[in-house]
Amino acid sequence: MTDLTDEELMVMFQQGNTAAFERLFERYRLPLFNFLLRLLHFQRESAEDVLQEVFIKLAKARELYEPRSPFRPWVYTIARNHGLNHLRSRAVASAQKNISFDELTEPTSDRPGRELAGKDDTFKAIASKDEVGRLDQIIDRLPSPAKEVFLLHAVEGLPHEEIAKVLDLNPATVRTHFHRARAQLCRVLAQQTT
Amino acid sequence: MNCDTYAEWLSAQLDGELEAEHLTELNAHLATCESCRKTQRIMRGLAAEIQGLPRLAPTDRSTLAINVAIHQLAPKPRRVDFGPVMDIEELAEFLLVSLETVGHYLDDLPSFELGGKLLFRRTSVERWIESREHGVQSVESFDRMPAEDEFGRITVNHP
Chain A
1 MTDLTDEELM
11 VMFQQGNTAA
21 FERLFERYRL
31 PLFNFLLRLL
41 HFQRESAEDV
51 LQEVFIKLAK
61 ARELYEPRSP
71 FRPWVYTIAR
81 NHGLNHLRSR
91 AVASAQKNIS
101 FDELTEPTSD
111 RPGRELAGKD
121 DTFKAIASKD
131 EVGRLDQIID
141 RLPSPAKEVF
151 LLHAVEGLPH
161 EEIAKVLDLN
171 PATVRTHFHR
181 ARAQLCRVLA
191 QQTT
Chain B
195 MNCDTYAEWL
205 SAQLDGELEA
215 EHLTELNAHL
225 ATCESCRKTQ
235 RIMRGLAAEI
245 QGLPRLAPTD
255 RSTLAINVAI
265 HQLAPKPRRV
275 DFGPVMDIEE
285 LAEFLLVSLE
295 TVGHYLDDLP
305 SFELGGKLLF
315 RRTSVERWIE
325 SREHGVQSVE
335 SFDRMPAEDE
345 FGRITVNHP
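Chains A and B, in that order, are what the protein sequence lines are. Quick note on numbering: our numbering labels position 82 of the first sequence as 82, and the sequence is numbered without any gaps. Quick note on numbering: our numbering labels position 24 of the second sequence as 218, and the sequence is numbered without any gaps.
Hints were generated in silico from the structure; no laboratory data involved. A virtual CB, placed ideally from N, CA and C, is assigned to each residue, including glycine. Treat the hints loosely; a few may be bogus.
What the hints assert, rightly or not - Here are some chain A residues pointing at chain B (derived, C-beta under 7 Å):
(1) Glu48
(2) Gln52
(3) Ile56
(4) Tyr65
(5) Leu167
(6) Pro171
(7) His179
(8) Ala183
(9) Cys186
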C-alpha cells in the first residue's frame with residue numbers, strides 16, 4: 001500500500017477500505033499538524049482539535065472527492081478552511097477581551113505598541129516556548145494569505161500551482177505573495193542581525 | 195523604488211522568475227545598498243534555515259482519537275457473500291435498499307416462515323427480481339411457482 005498514490009488510496013477508502021484511509025492519515029498527520037500549528041499561532045491544542053476535524057471531514061465527505069482531482073490540494077484546502085474558521089471562532093470568544101480576528105491573524109508589526117512580547121496571549125498555549133524559534137515568530141507575523149502561501153511552499157513543499165487551488169488564487173498571484181512574504185521575512189531577519 | 199520592492203525582486207531572482215528588464219536595475223541597487231546585500235545573503239541561506247524548523251507531532255491521545263473516528267466513520271464494505279437463505283436485514287442489504295423499502299414490498303416478495311422468523315430464499319428472490327426486470331421474459335410466472343418445502347413447516351407468503 002506504500003506505493004499507492006494518495007488518489008488511489010482515497011478511491012479505495014471510498015470503496016470501503018479503511019486501511020487505505022489510515023495510510024493517508026499516516027502520510028498527512030505530521031505535515032497537516034505542522035501547517036495547522038503555524039497557522040494557529042502554535043496553539044497546540046487548537047491544532048490537534050482542527051486536525052481531528054479535518055480527518056473527520058475527509059471521512060464524511062469521501063463521496064465528494066473526485067478521483068481524478070489531486071488529493072493534496074483538497075486536503076490542505078479543508079485544513080486551511082477549518083483552521084481559519086477556528087481562528088474566527090476564537091476571535092468571537094475573545095471579543096470580551098477586545099482581541100479581534102485581525103489581531104489574531106495579522107502581523108503585530110502593523111500595530112504600534114504590540115510587538116512580539118505583546119503576543120504572549122497568542123503563544124501562551126504552545127507546548128514549549130523553545131519550540132517557537134526566531135524564524136517561526138517572524139513567519140507568524142506575516143499577513144494572510146502571504147503567511148499561508150509561505151508555509152505551504154517553503155515549509156510544506158507544495159508547488160505554486162497546488163497552492164493556487166488551495167487558496168483559490170491564480171498561480172501568478174501566489175508567486176507574488178510568496179516573493180513578498182520571503183522578502184519581508186528576510187528584511188526582518190536582516191534588521192534583527194544588524 | 196524602495197528596498198522592500200528590491201527584496202521581492204531578489205526573491206524572484208532566486209527562483210529564476212525575475213524579469214530580465216529588472217535585473218540590471220537590481221544589480222545596480224545591490225552595488226550601492228548594504229542592507230539589500232545583507233537581505234540577499236540571508237535569503238540564500240533561508241532554505242537551509244527552514245529545513246531546521248521544528249516538526250512537531252500531535253499527541254498520542256489525539257492520534258488515537260482520530261484513528262477511532264476514522265473507524266467509526268469508515269464506509270461498510272458492500273457484502274457479497276449471501277447464503278442460500280436470508281433474513282430480512284440481509285435481504286435489504288442484498289437488494290441495496292432500506293428495511294423500510296423491504297417492508298413495503300413484503301407481500302410481494304417470496305418468503306417463508308420458520309420458527310417464527312421470516313426468511314427469504316436467495317434463488318427465489320433472484321427470480322422475483324428477474325420477473326420485475328424490464329425487457330426480460332420470465333421463464334415462469336412467479337405467482338405459479340410451487341412453495342419451497344425443504345425447510346420443514348413452510349408458509350407460502352406471496353399472493
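Tyr65(A) as an interface hint toward chain B, with CB separation required under 7 Å:
Nearest chain B Cβ about 12 Å off; hint violated.
Take the shortest C-beta to C-beta distance between Gln52(A) and chain B; is it under 7 Å?
Constraint on Gln52(A) satisfied, holds at 5 Å.
Does the nearest C-beta of chain B fall within a distance shorter than 7 Å of the C-beta of Glu48(A)?
The hint holds - Glu48(A) has a Cβ within 7 Å of chain B, the shortest such distance being about 4 Å.
Does Leu167(A) pass the interface check with chain B, least Cβ-Cβ distance below 7 Å?
18 Å, violated
Would the hint on His179(A) stand, with a C-beta cut-off of 7 Å toward chain B?
4 Å, holds
Interface hint outcome for Cys186(A) [beta carbon to chain B under 7 Å]:
OK, holds: Cys186(A) within 7 Å of chain B, min 5 Å.
Hold the hint about Ala183(A) up to the distance rule: shortest CB distance to chain B must be less than 7 Å.
Hint holds; Ala183(A) Cβ to chain B Cβ min 3 Å, cut 7 Å.
Ile56(A) as chain B interface residue, shortest Cβ-Cβ below 7 Å
5 Å, holds
Hold the hint about Pro171(A) up to the distance rule: shortest CB distance to chain B must be less than 7 Å.
Cβ of Pro171(A) sits 11 Å from chain B, so the hint is violated.
In summary, the structure is inconsistent with hints 4, 5 and 6 from the numbered list given earlier, while agreeing with the others.
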